[in-house]
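Trainee: What follows is each chain in one-letter form.
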Amino acid sequence: MCSRKTAFRSTCVAGILLTTIACLNACSGSTTKDPIRIGVIGEESSVAGASLTKAAMMAAEEINAKGGVNGRSIQVITYDNHSSAAEGVRAFQRAVSDDKAVVVLGSYLSEVVLAIEPWAARMRVPFITPGASSNDIPKRVHDDYEHNKYTFQATTMSEFVAQSVCDFSHDVLVKQFHLKNAVVMSEDAAWTKPLDARYLDCLPKAGLEVMDHIRFNPDTTDFTPIFNQIERKHPDVIITGISHVGVQPTVQWHDQQVPIPMAGQSSQATNGTFWKDTNGAADGVITRNTAVPGVALTPKTIAFVEDYTKRYGLPPAYCGYSSYDMVYVVAEAIKRAGSTDPDKLVEALEQTDYIGTSGREQFYGRDDPFTHTLKYGPGLITGVHLQWQNGKQVAIWPADVANGKIAFPSFIKLSAK
Amino acid sequence: MLARQILIDGFAIRALYALGAVGFTLIFGVSGVLNLAHGGIMVIAALIGWFTAGEFGAGPYGGALVGILAGLASAYATYLLVVRPIQRSRAIPKEESEIFVLTGTLLWGIMIQTALAYKFTDNPVTMRPILPGVVTLGGVRTPRNEIMIAVVCWLVIGLVWLLVNRTRTGKTLLAASMNPRGLTLLGFELSRVHLVVWSIYGVLAGLAGVLLASFLGTGSGNAGQLTASAFSIVVVGGLGSVSGSLLAAYLVGYLETLTAYLIAPTLRPIPALILLVLVVYIRPQGLLGRR
Amino acid sequence: MRSLLSSRLLWGALVFVAVAAVLPLWLSAYVLGVLTAGYYFGVFAMAWDLLFGFAGEVNFGPTFLIGLGAYTAAMLNNRFGLAIPWCVMAGIVSALIGGLLLAMPALRLRGPYFGLVTLVAVLLLQNAIVIFAGVTGGEIGMTVPDVLSLSAATNYWYGLAFMVICAVILFGLSRSAMGLILQASGQDPIEARALGFNVTKHKLMAFSISAVFAGMTGALLVFYMGTASVGTLIDISIGVQIIIAAVLGGRRSILGGALGAVFLIGASEVLRPLGQLNTFVVSALALAVILFFPDGLLGHVLRRREAQ
Numbered sequence: 001m002c003s004r005k006t007a008f009r010s011t012c013v014a015g016i017l018l019t020t021i022a023c024l025n026a027c028s029g030s031t032t033k034d035p036i037r038i039g040v041i042g043e044e045s046s047v048a049g050a051s052l053t054k055a056a057m058m059a060a061e062e063i064n065a066k067g068g069v070n071g072r073s074i075q076v077i078t079y080d081n082h083s084s085a086a087e088g089v090r091a092f093q094r095a096v097s098d099d100k101a102v103v104v105l106g107s108y109l110s111e112v113v114l115a116i117e118p119w120a121a122r123m124r125v126p127f128i129t130p131g132a133s134s135n136d137i138p139k140r141v142h143d144d145y146e147h148n149k150y151t152f153q154a155t156t157m158s159e160f161v162a163q164s165v166c167d168f169s170h171d172v173l174v175k176q177f178h179l180k181n182a183v184v185m186s187e188d189a190a191w192t193k194p195l196d197a198r199y200l201d202c203l204p205k206a207g208l209e210v211m212d213h214i215r216f217n218p219d220t221t222d223f224t225p226i227f228n229q230i231e232r233k234h235p236d237v238i239i240t241g242i243s244h245v246g247v248q249p250t251v252q253w254h255d256q257q258v259p260i261p262m263a264g265q266s267s268q269a270t271n272g273t274f275w276k277d278t279n280g281a282a283d284g285v286i287t288r289n290t291a292v293p294g295v296a297l298t299p300k301t302i303a304f305v306e307d308y309t310k311r312y313g314l315p316p317a318y319c320g321y322s323s324y325d326m327v328y329v330v331a332e333a334i335k336r337a338g339s340t341d342p343d344k345l346v347e348a349l350e351q352t353d354y355i356g357t358s359g360r361e362q363f364y365g366r367d368d369p370f371t372h373t374l375k376y377g378p379g380l381i382t383g384v385h386l387q388w389q390n391g392k393q394v395a396i397w398p399a400d401v402a403n404g405k406i407a408f409p410s411f412i413k414l415s416a417k
Numbered sequence: 001m002l003a004r005q006i007l008i009d010g011f012a013i014r015a016l017y018a019l020g021a022v023g024f025t026l027i028f029g030v031s032g033v034l035n036l037a038h039g040g041i042m043v044i045a046a047l048i049g050w051f052t053a054g055e056f057g058a059g060p061y062g063g064a065l066v067g068i069l070a071g072l073a074s075a076y077a078t079y080l081l082v083v084r085p086i087q088r089s090r091a092i093p094k095e096e097s098e099i100f101v102l103t104g105t106l107l108w109g110i111m112i113q114t115a116l117a118y119k120f121t122d123n124p125v126t127m128r129p130i131l132p133g134v135v136t137l138g139g140v141r142t143p144r145n146e147i148m149i150a151v152v153c154w155l156v157i158g159l160v161w162l163l164v165n166r167t168r169t170g171k172t173l174l175a176a177s178m179n180p181r182g183l184t185l186l187g188f189e190l191s192r193v194h195l196v197v198w199s200i201y202g203v204l205a206g207l208a209g210v211l212l213a214s215f216l217g218t219g220s221g222n223a224g225q226l227t228a229s230a231f232s233i234v235v236v237g238g239l240g241s242v243s244g245s246l247l248a249a250y251l252v253g254y255l256e257t258l259t260a261y262l263i264a265p266t267l268r269p270i271p272a273l274i275l276l277v278l279v280v281y282i283r284p285q286g287l288l289g290r291r
Numbered sequence: 001m002r003s004l005l006s007s008r009l010l011w012g013a014l015v016f017v018a019v020a021a022v023l024p025l026w027l028s029a030y031v032l033g034v035l036t037a038g039y040y041f042g043v044f045a046m047a048w049d050l051l052f053g054f055a056g057e058v059n060f061g062p063t064f065l066i067g068l069g070a071y072t073a074a075m076l077n078n079r080f081g082l083a084i085p086w087c088v089m090a091g092i093v094s095a096l097i098g099g100l101l102l103a104m105p106a107l108r109l110r111g112p113y114f115g116l117v118t119l120v121a122v123l124l125l126q127n128a129i130v131i132f133a134g135v136t137g138g139e140i141g142m143t144v145p146d147v148l149s150l151s152a153a154t155n156y157w158y159g160l161a162f163m164v165i166c167a168v169i170l171f172g173l174s175r176s177a178m179g180l181i182l183q184a185s186g187q188d189p190i191e192a193r194a195l196g197f198n199v200t201k202h203k204l205m206a207f208s209i210s211a212v213f214a215g216m217t218g219a220l221l222v223f224y225m226g227t228a229s230v231g232t233l234i235d236i237s238i239g240v241q242i243i244i245a246a247v248l249g250g251r252r253s254i255l256g257g258a259l260g261a262v263f264l265i266g267a268s269e270v271l272r273p274l275g276q277l278n279t280f281v282v283s284a285l286a287l288a289v290i291l292f293f294p295d296g297l298l299g300h301v302l303r304r305r306e307a308q
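Residue numbers (this note's numbering), protein chains in the order written: chain A, 1 to 417; chain B, 1 to 291; chain C, 1 to 308.
So here's chain A without its partners, still in its complex pose:
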């Protein structure tokens, strides 16, 4: 009677547990050995992270349509790490040991990539980040090449981002608008430490004296005290380093009519939806980006943007360009190496010289201070600086790709002309 019921319930519980475990094993089982598996780890709930996985899938399909790599098709397996380093590590482990990925692309968050990097070393699998810009990523490769050589950084490193902003400031803000000083405003995060260090070094060389350097908590929602603090110093321009926040400071900058222009690196401002998200407050905001819609940085840029937009309904985010390119780069490396052996792949990847969607992509080598990051410079990757005007992103630098002139909203009071 009752004892049978209890036994029944206990068996049920045991049964549920065993089924769960069995299901786990079955669900994670691998399929055939034939396709080349590439794991892609993204953050589906963020605009940038979702773009990462979508672009990779699009690239794989294009390659497969043209016959694949040496007859083998590319299979992209995607993972969502929910913006968590722990889940990123787990996804990586799953991709490699369970899903048998030969290469993993992953994450635009430096925190996540830095956590995965030692595992790429331990498990000896090439790992490429199309969006995380922390300097530490390639620095670790340089400092311990034998272990960390599997990691590559396929995006502009923080220091080069800063250099790009300085080059832009020199050409436009100083030479054209005769601005004299700036305040650096960045979020307190891993990627901004080297960014700010470089800003403080290269902005004066570009002609802008740095009057103050503000680092704010990335969880800040109220930027009024920060803008007030900046205004008290009367700088000519605010140079930003923000990614975790973007909509809120921009909207508040606009609503409070802070009379100082903003330029620098504002990752959220690079998203196609930024105008809508800020209800037009983005007007006049300048930021560096990998590419700008309508601007052909390379022969491949415009086709990529059009195909992506047609397929997914919105333009690619900055890491989508790199993620797309890297799938092609990996395919070429496999062809060059003639195998998917990790060490041979690493050697082949190091020889990359690929004209992608945002420029010509080559990696720095073992003897360079930042090994395995994308080379920066004219003819290679420079990035593009854009300004939001009337709902559109207008390219304003470098001069050879600029398709518009800078125009500031009426509440901006530019100083000496």
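Read the hints as simulated data drawn from the structure, not as lab findings.
Each residue gets a CB set at the ideal place from its N, CA and C atoms; glycine is no exception.
Do not take every clue at face value.
Simulated restraints, written as ranges between beta carbons of each label pair [unchecked claim]:
1) A:341 <-> C:93: 44 to 52 Å
2) C:145 <-> A:362: 53 to 61 Å
3) A:259 <-> B:65: 29 to 37 Å
4) C:201 <-> B:168: 46 to 54 Å
5) B:161 <-> A:311: 49 to 57 Å
6) A:213 <-> C:145: 32 to 40 Å
7) A:204 <-> C:80: 39 to 47 Å
Since the structure of chain A is provided, determine the placement of chains B and C on it from the hints.
Mentor: Frame of chain A; chains B and C shown alone:
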């Protein structure tokens, strides 16, 4: 100048947080529920308001209205789907029902947050300000929208205070929080009382969410922070006290603002947390609390 | 009656352990990793259950104790290169101190107020770690040079063995005289005092034990994963998962915590293909359990027995 800036700067945002906290504290005072889905409800109102205003072209007023209604609906859903079933469940012993309600609302809050992130991504959004433009107040440049928000919040909080302390309904609510059984004996239907409180809460949370969207902007990622903020304020002010929430919101708020201005923007949340710890150790019922 | 019950439980537990021990023979490395994490979580849940189920103290921030143990161990290993066992012991001491600090307000506050203190403790620890990022690695976290093992099977056995030992100790404690006194003081402290029991001493003991286990497990988890970060160890969401695991498994059963943790971690992995929505589904499931089966999986089984 700096002092005036600090004073004016924090005023509106504090009123906004106070608005949210007042609803939170009422729910605890009357229903005995610490609603950890509070931030989620505010963000639902904000996102739905933004969506209606933009995508459907309803404009800022239409969007705000729909947002507030969304807040109300979510509050009802929270009460009817999560809180009431747990409170009425016979399988849960009375002493533990508080804990279960807490865990239940926490889970519900997580569900709201993930659903919103799925539909809208975690990117924050803003609603167009209802009153654009700036004015100069005492030498400090202030957006008109901010002033409007401060006025609206104080008005509404004032109305709630009047309702709770001066009207018959309010007295019923107070009585319910002190002695529910006594109230039933007098012939009042407790379930009606609870519904009234949750309705008020829904409107307050919805309004706070919509105003937050038009002032600072918000997104699904902020839900947890908003809940944490509300309950810090409520703990410091006193669970169940409307005026306590108002006082605490300004106290905590100015502490944070002073830290951001005078010490460092990175250390902003610290003094508030320390204050919280002190209050809990020295005066656990809060500054103006009753229990 | 009770001996009958415990023997049924004993057999069930033995079967579970026996099956679990041989799983590495045919499960993939990844699945083993998931289960290993589940086992460590199981100890968290069991330690939490001791505090809540028995001492009646709701701890909304179990990750405060876990974080203290984990970060102390991680920092010592990183900065001074101490061997793993020393780091773990240091972690235990640090968590113990934290546990006693938490115990102080617990003795004076009831119900939701104490819960709030525990939440504030977590927030403070989180902020402290971010602010002193130079020493702690901030939001990025730290990698530790030493790991327990690179082999999934070895890690699995370590995890399983650890969980089993902790389960035996914690379960034994809960059924001992001390456990009964704890339960009495948790449910009705006034009566317990009237009967002459030293409620304060027993509550302090409960906190200490819970802290020791939480800190130890936290430290071991760091050496299993190879990293320590706020997101993996301290975030409120981790605390929530622990509470859900304990409640799902059945509160006051201790062993239910282990069951619940394995089930929870297993379920979120199985639901992984849902992508973003998997957190939603898991939370919804947990909510449903709270609404309809508040006694949890094991609790349901045990209650039926006790009702006779």
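Trainee: Looking back at the hints listed earlier, which ones does the structure fail to meet?
Mentor: Hint check: 2 fails alone, others pass.
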